[in-house]
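*Asks:* Fit chain E to the known structure of chain P by using the hints.
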Amino acid sequence: MTRMGGLNASLLIGMQALDAAQGALTATSNNIANVNTPGYTREVAQFSENGENQTGDEVTGGGVTLDGLQSIRDELLNIQIQQQTSLQSSVNTQSSSLQQVQTFFTSSGNDLASALTAFSGGLAQLSANPGSTATQQSVLANGQNLASAFNTTAQGLTAAQSDADRQVPQTVTQINSLTQQIAQLNGQLSQVPAAESGGTTEDQLDQLVQQLSGLTGIAITQGTDGETITTANGTPLVIGGQSFNLQTSTGTNGFQQVLDSNGNNITSSIQGGTLGGAIGIRDQVIPGFLSQLNTLASQLGTAFNTAQAQGFDSNGNAGTNFFTIPTNTNDAAAGISVAISNPAQIAISSDGSADSNGNVANLSAALTNKLPSGQTPANAYADLVFQVGSATSNANTQSTAIGQNLTQLTNQQGAVSAVDVNEETTNLMRYQAAYEAASRIVSTIQVLDNAALNMGSSSSF
Amino acid sequence: MTTVVAQDRDRIAAEYLQLLEALRGELDKAMRAIANNALAQFEESIASQQILSARLVVLAEKLSPSLKAESATPPIPVNDDLMHRILIAGDSLQKLNRTYAALLHHSSRSTAAMVSLFASIRGQFQEASGPRLKYQTWSCQM
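Residue numbers (my numbering), protein chains in the order written: chain P, 1 to 461; chain E, 1 to 142.
No lab work stands behind these hints: they were computed from the structure.
The beta-carbon is built from N, C-alpha and C at its ideal position, and this holds for glycine as well.
Mixed in with the good hints there might be a few duds.
[Said to hold, decoys possible] Using C-beta positions, here's what the derived DEER-type ranges look like: (1) P:Asn450 x E:Gln50: 14 to 22 Å; (2) P:Asn450 x E:Ala6: 20 to 28 Å; (3) P:Val447 x E:Asn79: 20 to 28 Å; (4) P:Asn396 x E:Arg109: 55 to 63 Å; (5) P:Gly223 x E:Ala47: 45 to 53 Å; (6) P:Thr407 x E:Ile51: 16 to 24 Å; (7) E:Ala40 x P:Asn233: 51 to 59 Å; (8) P:Gly403 x E:Arg109: 41 to 49 Å; (9) E:Ala47 x P:Asn405: 45 to 53 Å; (10) P:Asp225 x E:Ile51: 55 to 63 Å; (11) P:Asp74 x E:Ile51: 38 to 46 Å.
Isolated chain E (complex conformation):
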């Protein structure tokens, strides 16, 4: 029975590791999308990040007995090698997350600056008449 539970925890841990790496890949993709001004790709990546992070939270709860108050039995450790890889992947993800957070912070401030600039001259626009083709003119790759 203990073996079965241990195998089950290892399976969950393996999935957790896989999701950590996938999330790291998504952060990579999101930063590249921001730099490329690829808004649609950025939004797509955020959607994937939301799914991955939500699943990671669920798995983290399953893997953390301390979160379950009613549990009196000591936690069954995850396979050492797997745990080691999770720790490295987690560490890598946290570092990348800090860079991502800095980029988002900078970009959000840029957006706020643009909103302010936009608001300051709102009402002064004189849109040209006649047919105007729709071009992607938003060049603020924040």
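Next comes chain P alone, as it looks inside the complex:
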């Protein structure tokens, strides 16, 4: 029984090992060259054992075949990262907008709370000095400041709303650009043999999908033609190699609406990402604040006007409206203004006599009594300030928490997919040492060839 059959098998194994080594070298070169490339997923060569060779009674191993290069990625982690990215973008957009809004509710001397306090204080002084023209002038000025504070706060909220609105078409443009690129990469990936992974193309796709998830909430399913990406409510964005552009148009409320590729309005169903955050702050959060502010302006103005009507001004005329309040409550805070220009028109007197201050109590009470909303003006405003502060604080807290979660997930992804330089270095040194030792053995085996000539046989190796 000779082993020549086994030798042929061994030679074949050697040849296959050379091919395998070449493929693996390509993978490692990529890995090290891209150690600092964001989103790069390390590759490893995938081998499969060949069948065994049998020569007579002898069975030898069949060596290995290089199947292809596989990127090491954890799809579940990728999905979690995309979801968290989407959530964080949404929260960050809202946080940024709320911080802008919050500046109008902080105590600055010109804010509503300060103006309300000053207005009440002026009325108290008027009660003590009803005939003082300077005090009357001061009350008028304080009333104008209060109206102005309402106007400024409403304008601040509206400005933040407009900023959010401007982000909608900008974000939609970015989304369309990304979905077109993703569809193109999907097309390229569909040409890659099943045994192989898309390597850098797939890395690029992952990067683009993650960017997309930062712009809007998405759902991803894997199909035979590549990834199918939809919005959270199922509106298709990418199916295989085809992308579906979103559109925008101005709605009846004056704000930009998001339409799917068929023209259906999907604005209210958009969630997550910058787009979801901007739409949420524009259509829900700020309108909520504005509604409360408008109610306060309308009810406070009405209550004060009612108190004015109960008295008489310095000329003995029945009190007229102190504030002009827009008919539409939705415009109350932005449009409220002082109706009188002469301080003598303040209805101080309760009986029309010049020395009466009897109606000042009614005027003051209008600022301290409960409004139809059930709250005093000061409490109603304090409640609004609390809500703005609370929403801002929640958004910041959420952003921090999601950021930490995202960092953990990214670290996990890095542990799975990134190139570990230390590991590469250690193994590189071990390989070098092993090859040196192996080379010495090769030389020793060559010497054995000559040794055989001296074994007392006429033959030689």
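*Replies:* Positioned in the frame of chain P, the structure of chain E alone reads:
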């Protein structure tokens, strides 16, 4: 006495043959380990090769009278059949050894290329912070 010596040489020759075949098996195993990127198995095989080859050198010296200068008697030939098998096994081992040498040469050059590549970008690495699980990332199956 001559018979005893002849039997002794045959026993050594038989062991020599056995070791040749074992070494051939180890070269097989080493090449497969290289192809599979099984560094630990590769190192294990090299350790076995070192033991086998060292023993083969010792036995080859015993079986080669010409190496002993003081010996004046002609060498006692090894059993013909055994010698024939040794020659075939040796021939097989030498051929495999040449393939193994080529693979090692290629792999060593690959390693050198990797060292060069590694050195060229050394200092540019920005290791990610945070916990990093230890994975076998060395995919250079040279």
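*Asks:* For each hint, tell me whether it holds in the structure or not.
*Replies:* Hint by hint, here is what the structure shows:
1. P:Asn450 x E:Gln50: 14 to 22 Å: The hinted range 14 to 22 Å holds for Asn450 of chain P and Gln50 of chain E, with Cβ atoms some 20 Å apart.
2. P:Asn450 x E:Ala6: 20 to 28 Å: 24 Å, holds
3. P:Val447 x E:Asn79: 20 to 28 Å: 24 Å, holds
4. P:Asn396 x E:Arg109: 55 to 63 Å: 56 Å, holds
5. P:Gly223 x E:Ala47: 45 to 53 Å: At 50 Å between Cβs, range holds.
6. P:Thr407 x E:Ile51: 16 to 24 Å: 51 Å, violated
7. E:Ala40 x P:Asn233: 51 to 59 Å: Given range 51 to 59 Å: holds, Cβ gap about 52 Å.
8. P:Gly403 x E:Arg109: 41 to 49 Å: 46 Å, holds
9. E:Ala47 x P:Asn405: 45 to 53 Å: Holds, since Ala47 of chain E and Asn405 of chain P (Cβ atoms, about 47 Å apart) stay within the stated range.
10. P:Asp225 x E:Ile51: 55 to 63 Å: Holds: the Cβ-Cβ distance is about 57 Å, inside 55 to 63 Å.
11. P:Asp74 x E:Ile51: 38 to 46 Å: 42 Å, holds
Consistency note: the structure conflicts with earlier hint 6 alone.
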